[in-house]
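Protein chains in written order, with my numbering: chain C, 1 to 574; chain Y, 1 to 296; chain V, 1 to 296.
Treat the hints with care, as some may be off.
Calculated lysine-lysine pairs in the BS3-like style (CA-CA distance at most 30 angstroms, straight line) [what the hints assert, rightly or not]:
#1 C:K374 <-> V:K47
#2 C:K401 <-> C:K80
#3 C:K137 <-> V:K49
#4 C:K101 <-> V:K47
#5 Y:K252 <-> C:K437
#6 Y:K252 <-> C:K324
#7 C:K345 <-> Y:K252
#8 C:K99 <-> Y:K68
#9 C:K374 <-> V:K49
#10 Y:K225 <-> C:K374
#11 C:K177 <-> V:K49
#12 C:K112 <-> V:K49
#13 C:K91 <-> Y:K225
#14 V:K289 <-> Y:K108
#15 Y:K252 <-> C:K88
#16 C:K380 <-> V:K49
#17 Y:K252 <-> C:K489
#18 V:K49 <-> C:K381
#19 Y:K102 <-> V:K289
#20 C:K99 <-> Y:K225
#21 Y:K68 <-> C:K112
#22 C:K306 <-> V:K145
#23 C:K369 <-> Y:K252
#24 Y:K252 <-> C:K374
#25 V:K200 <-> Y:K169
#26 V:K99 <-> Y:K283
#27 V:K47 <-> C:K137
#28 C:K306 <-> C:K217
#29 Y:K225 <-> C:K112
#30 C:K101 <-> Y:K80
Covered stretches of chain V (in silico footprint by chain Y; criterion: 3 or more residues with CB under 8 angstroms from a CB of chain Y, positions within the stretch not fixed) [what the hints assert, rightly or not]:
#31 7–18
#32 26–35
Keep in mind the hints are simulated off the structure, nothing from the lab.
Ideal Cβ placement from N, Cα and C applies to all residues, glycine included.
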Amino acid sequence: MKKIKPWKMMLLATMAVSLFTACSSQDKTATTTSEPVTTKEETKTNTPPDPLGKYADLVTVTEVLGYNPPEDPRTPQGIKPEENAYFKDLKEMLNIEVKYKWTVPSSQFEQKFSLAMASADLPDILELDPKNFEKLKNQDMLADLTDAYKQYASPALKKYMESDGGFAMKTFESDGKQLAIPAFEDPFLSSQQLWIRKDWLDNLNLQAPKTIDELEKVAEAFVKNDPDKNGKNDTYGIAAQKNLFFWGFDLRGFFNGFGAYPSIGDNQSAWIKDSEGKLIPGLIQPEVKAALGKLQSWYQNGILDKEFALKDENKSVEDITAGKVGISYGEWWYPNWPLNLNMDKDPKANWIAVQIPGLEGPGNTLVPKIRSSKLFAVNKKMKNPEAAIKMINFYIEMGNKKYMDQNKAEKGYVYNWFNPRIYNPAQIDTIYTEVNKALDANQTEITLDDENYKNVADVFKATKDFLSGDTSTASRGVNWGQYFSRAAKDGGWGMTRQLKESKAYVNNEFYGIPVASQVEKGTQLDKLMQESFTKIIMGAPLDEFDKFVASWKSLGGDQITQEVNEWYTKQATK
Amino acid sequence: MRHKQSISRKLFIVFNTLLLALITVLSVIPFIHLLSISLSSNTAASAGEVRLWPVGFSFDSYVYLGEKVEFFRSLWVSVKRVVLGTIVNLFLVFITAYPLSKSNDRFKFRTPYVWFFAITMFFGGGLIPTYILVKNTGLIDSIWALILPGALNVWNMVLMLNFFRSIPKELDEAATIDGAGHWIILWKIYLPVSLPSIATIGLFTIVGHWNAWFDGILYLNSPDKYPLQTYLSTLIMSMNAQMSSISIEQIKAMENLSEKTLKTAQIFMGALPIMIVYPFLQKYFVKGIIVGSVKE
Amino acid sequence: MRTLKKEYLLHLMLIPGVIVTLIYAYGPMAGLVMAFQQFEPLSGFFKSKFVGFDNFRYVFQLPDFGQVLWNTVIISIFKMVLFLVVPLILALLLNEVTKQWFSRIVQSAIFLPFFLSWTVLGGIIIELFSLNGAVNGLISSIGFKPIMFMLDNQWFRGIIIGSDVWKGMGYNMIVMLAVIIGINSTLYEAAEIDGAGRWKQMIHITLPSMAPILILLAVLSLGSILNAGFEQILIMYNPTVYEGADVIDTFVYRLGMFSQQFGPAAAVGLFKSVISLILVSSTYYAAYKYNGYRIF
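Based on the provided sequences and hints, a complete structural model is requested.
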């Protein structure tokens, strides 16, 4: 007679649980028995380290990858990340082989990476955001790259890292140990400008606005006077969307025009220095109230879309493309996307960039201290941490002119799948200078011969094509996008350079990872801000703002202010 | 046998037909919308101008789609997954529901077993523990990772056992007297009379496997193994809302995303195969031979 | 001894299901400890710090939690009721259709929206109900003022509920149809001889025969009272309707987005599980006690 009693079921259940625990502890023992860090190569030879020296024995490096589809349409169909032609060259040049533990589309990378952390299954070379960096650092899981960097970093890499006075590098240093190599960009890439349709201004005989009042007049005319001359009342004034502070098609630039610096784009407060040298939250300053008041009246008279609170960035992009709106605040790259779509759709369309209008003359834009969302670190268990540095050298090297015959998308080179890749922080500026140099000298080809060659040459070709009306490689809009974002003197980057030179900016002084109270309260404060601001714009009394400030402070804002200031006095590199 | 139809009956039939036709149209509209976008020019599509009829008619996206290796590769994975998964799921549902459909006096431990399964409908450990378990049982990166963890769908099993209960007891009593064991009763008697319910649960299983996409991201290590819906989900990529700035590379990626027509063509074609499954299964929805009520 | 031998076979049939469930459903439940930890993926379950009920306290004390809980319950109650009533009406109406081909087309069409993800459908619905959308076009053509549906808390809830029911109604409808098909046709013949019309047949035969499945669906849907539809709301909502449409899952999602707080998310999950277990098991016993139905 057989009976399965409930207790037997319990036993089975516990067995299942122990299966689960046994395996995890196995993982743990694997971690502890890893070999100490040694650099085999160096003990054997006494020659000075070569940034691109070939290993005698094959070095296998594990990685994980979050990736976007290849950018170039000429890339072979169906190519897989592990088939990237860069790897073939890497093996030939350095005798390094890359093995992916996994690859995932970049939108899911964060999810997949936290699973990898939880199951203690991390690769040798790590692509991290600042938050994960902090976690791994605290668990002492990152290799010290100080020596590897000193000995192996190529001159180009060193030049990049020193281009900001070593500020970014220092941010990822801990107790004198360099724990990561940041992939940072020029912070001025974040500065705001106003994009406006020149053909509409001309249609209505208007000048590009310099002040908020002038902007209001232009925007009103764009709403009422049929700027596209199609005989239909189908346009509105200024692009806006439900995220007031975002990475695009938002209103950061508008607020900046009022001398208000509410947020850098993450919906958390920005932090500006007051007269006493303390940091104050930009989000709750009186200037924000004034700006909201203006938005409220603009919502009333139709300059803002009645349903802006419903739209996301994709909807704004649709409106811009469709020619429903002709003014948008944003960064230098708009011509690249989505303005090029509008140019292709409507051959008459023509966009220009102007400095953000302020209360009296052009305003100052908010600029972060550091613009880096990605950094590369090495797992402490890895035997050859310098291999990571060499791979960065390799990637930079591949931009040189001599590889250009080989390094082509149609041959299976997919640059944005290669990690660790660090690019020139001043990439855009280099492109701007070099392309303009070549244009002024009336060259037919780029003469520059360093690692920036590929990037410069690509933009130069697009510029040439646009100016001569050649659409055999790409559409007019795409060529214009390359040209007007990067090379044109009055274009996206040209305008940004002017801002930088004329010091028309204010810094966001906080650049650390979120402080404890931000982690705990940030989501609530974010919701509070979004609800209050949207309601005010849509017609709630302006004094709601004062209530918002009071709630913001009491729900954790005051505590955050205090902690941010503690961070500022202790840790900030001033 | 039918009585002559009264006027009110006729009125009802007209009204009923119109109502159902309206619902049918409402349900088909999104598909027409998607089809129209996929057949429009890219500029019209990215300007959001397409409604229920193509604007700037173009067949380009389907020409490109024909060359999309990724699309066909993942379509094949999906077919494999659906076939394997449905066989495993139906088998498990069938043999698990049978014992549990017996009354308590014929199967003493029914109730503890039932609760053992039912609990899992409410409690789950969440993403991380499940992932670790799938990993430790060696399924990562294999198609079985998409099949085994959900091999017994308790909800379907409960449905099945309720269907089984509606099979009259006289049927298996007669068989028992003839000396048939449970195994024979299950396959020779229950199986043939439960075709409509198997078709129903089979449909749910097929659709479930077809629509599932997130487990592919979690458990598979390279996108060339992705089933179709996982692949499609990567096309409808959304940018991280918390991101305050977008890097030079991401801008270039956004530029690529504007291939709206191709994306839509893939979404549309991805839904087609599953759309024909239901009409196919409908032939099993015939008036059954089941007699008797369901009350215990 | 004879019955025991037979029961032995019943146990045997359950073994595969029990094993799969133990490993992949009960195994991960070890992860429920996260609810009581300050969980940190790198430390795992064994080294993360235990914090007692701190996670629960943290979530319940968040200023909006009451509002969010209320939104969740109200939205999901509407959905629960409509997910029973609408498919039931549809199934009954379809049962009255005499032309097979029409019935089949309608059935297939109603099931269609189920195949599209909210990412695709959400955008279509937002467009449909926006100021320039088709619905407002209709409203202004008959002389009313356009309505900002998606920016009004009451309307928005209605749209969330309505569109979810529209998308998912095919599912329950098919279960119900399968039951209707299983009803003994001799019952109807007898009723017709007694002179009962279609209406009376529906009241006295069809509906009573469907009672068990209706109760089953009702009880099980109670288990999801704290799930108001995460993906759908996340895609369709906006700051102006947070007040009426921010639900537990979207709320927890935003917590996790900004700060990756695993502990509070697990605590909310456990809270939801316990509530649904309590609701389902009490209704299960109530149905058994007063009606003699065993749902599972």
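Checked hints:
1. C:K374 <-> V:K47: At roughly 28 angstroms apart (the allowed maximum being 30 angstroms), K47 (chain V) and K374 (chain C) satisfy the hint.
2. C:K401 <-> C:K80: holds (26 angstroms)
3. C:K137 <-> V:K49: holds (18 angstroms)
4. C:K101 <-> V:K47: With a Cα-Cα distance of about 25 angstroms, the restraint between K101 (chain C) and K47 (chain V) holds, given a limit of 30 angstroms.
5. Y:K252 <-> C:K437: Distance of about 25 angstroms is within 30 angstroms: holds.
6. Y:K252 <-> C:K324: holds (24 angstroms)
7. C:K345 <-> Y:K252: holds (19 angstroms)
8. C:K99 <-> Y:K68: Holds, at roughly 26 angstroms.
9. C:K374 <-> V:K49: holds (29 angstroms)
10. Y:K225 <-> C:K374: holds (28 angstroms)
11. C:K177 <-> V:K49: Given that 30 angstroms is the threshold and the Cα spacing comes to 28 angstroms, the pair holds.
12. C:K112 <-> V:K49: Holds, at roughly 23 angstroms.
13. C:K91 <-> Y:K225: holds (26 angstroms)
14. V:K289 <-> Y:K108: This hinted pair holds, its Cα atoms lying about 19 angstroms apart.
15. Y:K252 <-> C:K88: Distance of about 25 angstroms is within 30 angstroms: holds.
16. C:K380 <-> V:K49: holds (24 angstroms)
17. Y:K252 <-> C:K489: Within the cut-off at roughly 21 angstroms; holds.
18. V:K49 <-> C:K381: Given pair K49 (chain V), K381 (chain C) holds - Cα atoms ~25 angstroms apart, limit 30 angstroms.
19. Y:K102 <-> V:K289: Within the cut-off at roughly 19 angstroms; holds.
20. C:K99 <-> Y:K225: Roughly 17 angstroms between the alpha carbons, so the hint for K99 (chain C) and K225 (chain Y) holds.
21. Y:K68 <-> C:K112: Distance ~26 angstroms between K68 (chain Y) and K112 (chain C) Cα, so the pair holds.
22. C:K306 <-> V:K145: The hint holds at about 14 angstroms.
23. C:K369 <-> Y:K252: With a Cα-Cα distance of about 24 angstroms, the restraint between K369 (chain C) and K252 (chain Y) holds, given a limit of 30 angstroms.
24. Y:K252 <-> C:K374: holds (17 angstroms)
25. V:K200 <-> Y:K169: holds (28 angstroms)
26. V:K99 <-> Y:K283: holds (15 angstroms)
27. V:K47 <-> C:K137: Within the cut-off at roughly 17 angstroms; holds.
28. C:K306 <-> C:K217: Status holds; Cα separation ~19 angstroms.
29. Y:K225 <-> C:K112: holds (16 angstroms)
30. C:K101 <-> Y:K80: holds (24 angstroms)
31. 7–18: holds (count 9)
32. 26–35: holds (count 8)
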